[in-house]
Amino acid sequence: MAMTMHLDVVSAEESIFSGIVEEILAPGTMGDLGVMPRHSQLITTLKAGELRYKMKDGEVSLFVAGGIMEVQPSIVTVLADTVVRVEDLDEKAAQEAQKRAEDALQGKDPADLDYEAIQVELDAAKAQIEMIHRVGKSLR
Amino acid sequence: MAGLKEIRSQIGSIQNTKKITKAMEMVAASKMRRAKDRMDASRPYAEKICQVVSHMASGHLEYQHSFFQQRETVKRVGYIIISSDRGLCGGLNTNLFKKALQSIAEWKKQDVEVDIAVFGGKALGAFKRFGVVAESTGLGDRPSVNDMLGTIKVMLDSYEEGRIDRLFLVENEFVNSMTQSPRVTQMVPVVATDMEEIKHHWDYIYEPESKEVIDMLMTRYIESLVYQGVVENIACEMSARMVAMKSATDNAGDMIDKLKLKYNKARQASITQEISEIVSGAAAVS
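From first to last, the protein sequence lines are chains E and B.
Each residue of the first sequence is one higher than the one before, starting from 3 at the first, in this note's numbering.
Each residue of the second sequence is one higher than the one before, starting from 22 at the first, in this note's numbering.
One chain only, chain E, in its complex shape:
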């Protein structure tokens, strides 16, 4: 039997997942990273992207909009800002969000803009769209 570890995914609003997994793929700010059981202690911030974990009976994919991940040898905790299950992802809404953010970036008065916040929003929207496309392809 493959080695396993415990994974907890929580967002500010709810607990998303808690259970035994075999492998995790997370979107770290410095690049994507894979975590196997008995990984050494690691703590990283997450950017918007796909969080995937492999269980005994298949793989699950979630969208996270950023957060923090703590890795202990047998426990991994993901403290996410927002989590969306793949089946709940809405391409239209994401495209609208992307357009809104791009419009805002090209706004008339650059002094009023909170560039950082908009950039984060834009990245999140882009990552969502990318993920929808990829998952959509694999489904078909």
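Please note that a few of the clues may not be correct.
Heads up, incomplete: computed chain B residues facing chain E, CB under 7 Å, no partners named [claimed, not checked]:
1) 62
2) 65
3) 66
4) 69
5) 70
6) 73
7) 223
8) 225
9) 226
10) 228
11) 229
12) 234
13) 238
Ranges between beta-carbon positions, derived for each pair [stated by the list, open to error]:
14) B/115 <-> E/117: 42 to 50 Å
15) B/196 <-> E/98: 40 to 48 Å
16) B/196 <-> E/4: 37 to 45 Å
17) B/183 <-> E/94: 50 to 58 Å
18) E/40 <-> B/123: 43 to 51 Å
19) E/108 <-> B/165: 28 to 36 Å
20) B/68 <-> E/61: 21 to 29 Å
The hints are simulated quantities; they were obtained by calculation from the structure and are not laboratory data.
Quantities reported herein were computed from a predicted structural model and do not represent experimental measurements.
C-beta atoms are modelled at their ideal positions from N, C-alpha and C, and glycine is treated no differently.
Given the structure of chain E, go ahead and fit chain B onto it with the hints provided.
Same frame as chain E, now just chain B:
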């Protein structure tokens, strides 16, 4: 014997009060359900972040955040007290303040000064005379973290600048809808809750820099603690109000019953008196 009319108007006014308390009970009951849902929803995040932070407290990190450093001498301590904005919720706030005052009195005995920050109008009123350094009131039933940040920041800044050496949180714990208990917990410096055996010296791998990650995590941690406290306090407030209003309604009912008895007795007495007057009047004539 009191006049019939007076008793009747007394019954009337108590009936009005009963109607109001009944309505408040029902409003509190429905608000409590929503407040409890919100509390349960944000609880997993708070619990997990506590776990992560206590892991960090038990490790040997290259970058020691000031929230992990225990200061030897304590000259001044800070309190964040979370109360409700409104009254009519039984002994909820009174019990909380009693607990807070006990804890404050202990520090005062050791000649330690106390700084207080409050959430909620009731605490502001109660602790005004101690000198409140920061306050947030009128957060409503659906508080947002943004409204709390200012007050939290005041206390954290004064900790980092060394004006206060410890920071405590005084809040109500929601045990169940009938019981709420006040508690005082130390927020910073962080106390490692689960004292697992530390077998070897370990440190995290950080991505990106350790300072960045830990600073972000600690800020989130404190925010989530206070947010959880405020949300929990609303659930406590609503359930305490529900219970208080229920007993007020019951008491009003009892009072109405007693007054009705008194009213009927008075009515009976006046009828008896009238009859005996008529009878004796008739006897005198014949």
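Against the structure, the hints:
Restraint check, residue 62 of chain B versus chain E: the minimum CB separation of about 5 Å is within 7 Å; hint holds. Against a cut-off of 7 Å between C-beta atoms, the interface hint on residue 65 of chain B holds, since the closest Cβ of chain E lies about 4 Å away. The beta carbon of residue 66 of chain B is positioned within 7 Å of a beta carbon in chain E (closest approach about 5 Å), and the interface hint is therefore held. Hint status for residue 69 of chain B relative to chain E: holds, with the closest Cβ pair at about 5 Å, below 7 Å.
For residue 70 of chain B, the interface hint holds, the least distance from its beta-carbon to any beta-carbon of chain E being 6 Å, beneath 7 Å. For the restraint placing residue 73 of chain B at the interface with chain E, the shortest Cβ-Cβ distance is roughly 5 Å, inside the 7 Å limit, so the hint holds. The criterion of a C-beta within 7 Å of any C-beta in chain E is met by residue 223 of chain B, whose closest approach is roughly 6 Å, and the hint holds. With 7 Å as the threshold, the beta carbon of residue 225 of chain B comes within range of chain E, its nearest partner Cβ sitting at about 4 Å, so the hint holds.
Hint on residue 226 of chain B holds. Least Cβ distance to chain E is approximately 4 Å, under the 7 Å limit. This hint holds: residue 228 of chain B has a C-beta 4 Å from the nearest C-beta of chain E, less than the 7 Å allowed. For residue 229 of chain B, the suggested interface contact is upheld, since its CB lies about 6 Å from the closest CB of chain E, less than 7 Å. The interface hint given for residue 234 of chain B is met, as the beta carbon of that residue sits about 5 Å from the closest beta carbon of chain E, less than 7 Å.
Interface restraint check: residue 238 of chain B against chain E, minimum CB-CB distance 6 Å, threshold 7 Å, status holds. Checked against the given bound of 42 to 50 Å, the beta carbons of residue 115 of chain B and residue 117 of chain E, roughly 49 Å apart, stay inside it. Checking the proposed 40 to 48 Å range against residue 196 of chain B and residue 98 of chain E shows it holds: the Cβ atoms sit about 45 Å from each other. As the Cβ distance of residue 196 of chain B to residue 4 of chain E is approximately 42 Å, the hint placing it in 37 to 45 Å holds.
Between residue 183 of chain B and residue 94 of chain E the CB atoms are about 53 Å apart, so this pair conforms to the stated range of 50 to 58 Å. Range check, residue 40 of chain E to residue 123 of chain B: Cβ separation about 47 Å, and the 43 to 51 Å hint holds. At about 29 Å, the CB distance of residue 108 of chain E to residue 165 of chain B agrees with the hint of 28 to 36 Å. The hinted window of 21 to 29 Å between residue 68 of chain B and residue 61 of chain E holds, with their beta carbons roughly 27 Å apart.
Every hint from the earlier list agrees with this structure, and none is contradicted.
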